[in-house]
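Student: In the order they appear, the protein sequences are chains A and B. All residue numbers in the first sequence are consecutive under our numbering, ending with 782. All residue numbers in the second sequence are consecutive under our numbering, ending with 1281.
Worth flagging that the hints you see were computed from the coordinates, not collected in a lab. Treat each hint with caution, since some may be false.
Simulated coverage check for chain A against chain B, where a stretch passes if three residues somewhere in it have a Cβ under 8 Å from a Cβ of chain B [what the hints assert, rightly or not]: (1) 38-46; (2) 439-448.
A few chain B residues facing chain A, derived, Cβ under 10 Å [to be verified]: (3) L820; (4) E829; (5) C836; (6) A838; (7) V906; (8) R922; (9) C936; (10) K1021; (11) S1163; (12) D1169; (13) A1172; (14) D1237; (15) R1239; (16) A1240; (17) R1246; (18) R1269.
Partner residues are not named here, just some residues of chain A that face chain B (Cβ under 8 Å, in silico) [stated by the list, open to error]: (19) E196; (20) T679; (21) V683; (22) R691; (23) T697; (24) K699.
Keep in mind the model is a prediction, meaning the values are calculated, not measured. Here a beta-carbon is modelled for each residue, glycine too, at the ideal position from N, C-alpha and C.
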Amino acid sequence: MNEMSKPLPATPLPPDEAPLRHVRQPLPHDSAKRHVTGLAQYIDDIREPEGTLHVAIGQSPRARGRLVALDLDAVRAAPGVVRVLTAADIPGKNDVSPAFGDDPMFAADEISFHGQALFAVVATTRDAARRAATLARVETLHEAPRVTVEDALERGESVLPDYSFGRGDAASVIAGAPVRLEGSLRVGGQEHFYLEGQVALAIPGEEGDVHVYSSTQHPTEVQHVVARVLDIPDAFVTCEVRRMGGGFGGKESQATQWAATAALAARITGRPCKLRLDRDDDFKLTGKRHDFRSDWRIGTDETGRILGYEVDHLARCGYSADLSNGVVDRTMFHSDNAYFMPDVRIGSKRLKTNTVSNTAFRGFGGPQGMLVIEHVLDQVAWAMGRDPLDVRYANLYAPGRDVTPYGMSVEETDTLPALMRSLERSSDYRTRREAIRAFNAGSPVIKRGLALTPVKFGISFTLTHLNQAGALVHVYQDGSVHLNHGGTEMGQGLYLKVAQVVAEEFGIAIERVRITATTTAKVPNTAPTAASSGTDLNGMAARIAAGAIRRRMAAHAAETFGVPEDEVVFRDDRVFAGNESLDFGELAKRCVQSRVQLSEAGFYKTPKITWDRAKGTGRPFLYFAYGAACAEVAVDTLTGEYRVTRVDILHDCGRSLNPAIDIGQIEGGFVQGMGWLTTEELVFDGEGRLRTHAPSTYKIPVASDVPADFRVALYPNTNREETIYRSKAVGEPPIMLANSVFCALTDAVRALDPTRPVPLDAPATPEAVLRACEAMRGRPLG
Amino acid sequence: MRAGGDIMRQAIRFRRRGRIVEVRDFSPRTLLLDYLRLTERSVGTKEGCAEGDCGACTVALGRVRDGRVVYEPVNACILLLGQVDGADVVSVEDLAADGVLHPVQAAMVEHHGSQCGFCTPGIVMSLYTLYREAERPVTREAVNDCLAGNLCRCTGYRPIVDAALAACEGPPADRFLAESETIRADLEGIADGADIFVGDDTRFFAAPASEDALAALYARHPDATLVAGCTDVGLWITKGMAAIDKVIWLGRVAGLDAIEAGPEALTIGATATHSAAHASLGALDPDMGELMRRFGSVQVRASGTVGGNIANGSPIGDLAPALIALGAALELRKGDRVRALPLEEFFLAYRKQDREPGEFVRRVSVNRLGAGDAFRCFKVSKRFDEDISAVMGAFRLALVGRRIASARVAYGGMAATPKRAPETEAMLVGVSLDDPASWEPAFAALAADFQPLDDHRASAAYRRTVARNLLAKALHELATGRTDETRLVGERPALQAAE
Ligand SMILES: Cc1cc2nc3c(=O)[nH]c(=O)nc-3n(C[C@H](O)[C@H](O)[C@H](O)COP(=O)(O)OP(=O)(O)OC[C@H]3O[C@@H](n4cnc5c(N)ncnc54)[C@H](O)[C@@H]3O)c2cc1C
Ligand code: FES
Ligand code: FES
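Assemble the whole structure, with the sequences as input and the hints as a guide.
Tutor: Here it is, written out as structure tokens:
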């Protein structure tokens, strides 16, 4: 039966809300004008206090071994050098890890990866510091490093215990299934390549306190780690960040070390100290998206419907735990993507290798788990001669088939099938499928491929306590508003979205809301800006704060004008009470004169979520965000080069807070995901050295890689959970829309010989694609 | 002190924000980006990589050409401060005036072209040069080419490209155009024929104005580093932290950048930039035009030179294999002695060229293709735009009817130098385009000509297969007379496809 012929379920929408002045409007980024004129200030642009010193990192020349001797005489003697810092200079703990105590700021004994920080040079200029840092004589007792998944498996070393969850008896169900397939997929890592590299500026204050400007997604953690390293109370440290030049997860835990090093230098020299990593050092010294080998087995019925699925995710975590627990857990949570698996076992190993510690990257492990199941469903479809799209439809969560492998019910089962069918139509999938078949039959060199893949992504931190946020709102006596919250701005438009919410709450022009830099001094104990949760959490906290102030102002107006409180309306920069109205600023002034508090700290925590990791069950997510993409590619089967020629995307942001910002997240996320699966290749050599450590060798997409025919639309939907204005989070899910590109490339290569499985791993570099093409022709590369 | 010319200038000077700036005291290896950010404290221009690849540091340099001020984008991170001598230096802070955004800035805001904003200053500057110089109507492809050297990790580029198309809808009309007479007069006012020498005999930035002055100066300081566009040397400074103390910049040497496009031959002066040489190379053959379109980025092509690409001797440089296949001759000069040699003989071993101390590359010349000549060249890299070749293959085949009478075959990325393939060439002679089976010995001979290496760009196995397949592709295209069945980019116009 063709799934296409089923009638579309309707998507329920709430009764239409009153038109809003700011929320839902496609307002430009709050800093857009400053971006285009060069006036937006990043940390390296802050005018340095007089006497500022510069810090550079001295690195390990080896990937594994013992540090026998560190001779720094030549470093100290180099021109401009003021101080050299080693582990012995750290007053507190030599640990910059987020949780597990296994990330030394400076390696003192054991060397764990190539480039690891051994010492820091503090000099009068950055150039002097960088040059001096190369002059150390480092003696090591060198051991052969573990670099690959296989190396780590052989040694049997992990950074964290193995973990699995599931349901039923997948192994025996697969054994008894009419159709059985198994295989292994390698999925590459990814460098964040935020355009602004890691940077921090630390300014020493009184009695050992310190103010740190850090390009971080997690100011609270920077604060805590600086305090830990310097052995001072948290309250002595303030961490501040106005904006980052990109983060993508790479500044969630891994901005900390550079901030802490700058702070240590500031403490010891008594002078402001700045540390900005060179791009190549940034590549070598900071973690990346985890790469995996995933071994899978699947059993289906004769139509391709999954009966049982087993997968073991072998994650290369690098030398320490960092955030690998959450990352690999999320890989597991997304191993089902959008598909119901009656009997299922999802296993994982968090392997230790002598490479930089892998970390958060937009999607936080989810993309890897999802790519595997998409790859597997392609194999299933081809094995039974069906269109992969129909096999996908047959396996989607549906009423009665709606419980995930971790025991959470998927309450919103109707959105995705409807969204996919809508995309199938608007992208003309079936017609193009036929056209491509005909084209390929007559084209020996160029082969085309097509794929339509869905995304279902769980929203909330899986570490439950992180699902909290604070905001601080002041209304001043002239009616201008100071807005602050725990979320950080890295380009995703969070500051603007929260400002839209606050301006809406007060009924004032958005220009009256002054967005201010995130700082631990105003809102404490915050979560990182991550897990796509920034707007959900901070938008709510800010709305709660603004709402509390507005209610106090309304009460005052009600009392003044003798009307009931609920008849006071804030609109068009004015406050209406009965027949009276006055300017918002005028009311603010009256409130101050009448001693009404115009400042409020808002606090929000996500409801409903639970997660029992030991039992492997709960509701780790408040809701799911959905989307789907249809990609078409053309492959040159003589060279492995390819072009992505057309992409259609339909994505669910609930009821969007700002459609322009959301479209930007979708397009940007898709292109970033496309880079991950195509040209972005991290090559480590046998000595554990990263060979692609610069944009000259590590190739992220450029403008011409973006399909000329690129159609992106928001799917009309609402969030059935009570999120901020019923919107849905949008930061991470679009990354996984790019799975369609990988599947389309596989589809194109398959045209060479539809009887063979396509041995294509990610990233599908031209070399990987040509290797697959040659395999289809029955010969090895070379 | 005299550097050889008649007059001597001990400072560089350039136009900046309407004023002439003179700098006398600077380290020869000072980069323009550091001058802007650290000395001038114009921090709008960003550093994203310090190696010419991300474009965050893009600024525009205006110079008078054919009586008109022409703006080109450059990567300030790998451009020496001294290289801006004689130019109008425009950075991102300069575009808006009196609170009014420049049309490209306004379009970027309107189309949501920035997210984190860190790439934005560079993008705005690239688009500014597009806005000023691009032929109308501006196409999506033209915008993509303009942006090949600007990485953005946030937006996915679509809104930026839309902004560019919108801003370039009409003819250019900005305040710089309105002021162009003044700018031209200012630039002509500081243009002189003086040799520049800043520093002393142990540490200097020199820019001789004539070939004789260059020859004399280089003979006196054979240990000096010649700098043409600095797109290679810049990285030695920012990444290699090389202690380059004596710099001789070739950019002021009169006539060294001359391009002579004669009916029989094309001669390109060493300091002709890739941008300047693009059209005449493209006129040799459309594949050369496509190669140049994909060479680096607009920024790299605006600075980088033909002579620098050859002199650098990289095994993965793009021009050498193409020019070797075309049969180019290289001319070198030392003191008063000028000599010429076939280009392939210049490359002796890995990074070792047949160039004596004090000798410099003068020009390269190549004969045009004759009636029966066919040419193909292909660049294969991980990414189409702004990437270094994994393999670059170039083929010049003389055809008599449907048979190959003689062949010149050269590859980049396949050996320690750009290299000809003598065995393969021999096996191609006499081969019929109509008999693909007769091509096999030539494919097999590639194994005798090349033993490529594994590295982070490609494995040896990939290089071997691609080398073979590129030759197969060239032959297949010549046999069928079409390129639409074999190419994803750089399809040749139908006329040439018929050969
Ligand atoms: C982002 C980026 C992308 C690039 N992409 C490509 C690409 O696609 N293809 C490619 O082939 N290359 C590429 N390159 C490399 C580089 O741009 C070219 O090799 C360029 O042509 C070098 O020219 P230049 O004038 O900048 O050389 P410079 O850096 O000035 O000099 C290079 C070397 O040549 C010497 N030299 C220069 N001129 C002379 C002369 N007249 N006589 C003797 N010696 C001389 C110098 O001393 C130095 O050793 C790229 C570089 C960058 C940074
Ligand atoms: S900083 Fe990246 S190109 Fe200059
Ligand atoms: S807007 Fe962030 S890199 Fe372009």
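Student: Which of the stated hints cannot be reconciled with the structure, identified by number in ascending sequence?
Tutor: Hints that this structure does not satisfy do not exist here, as all of them hold.
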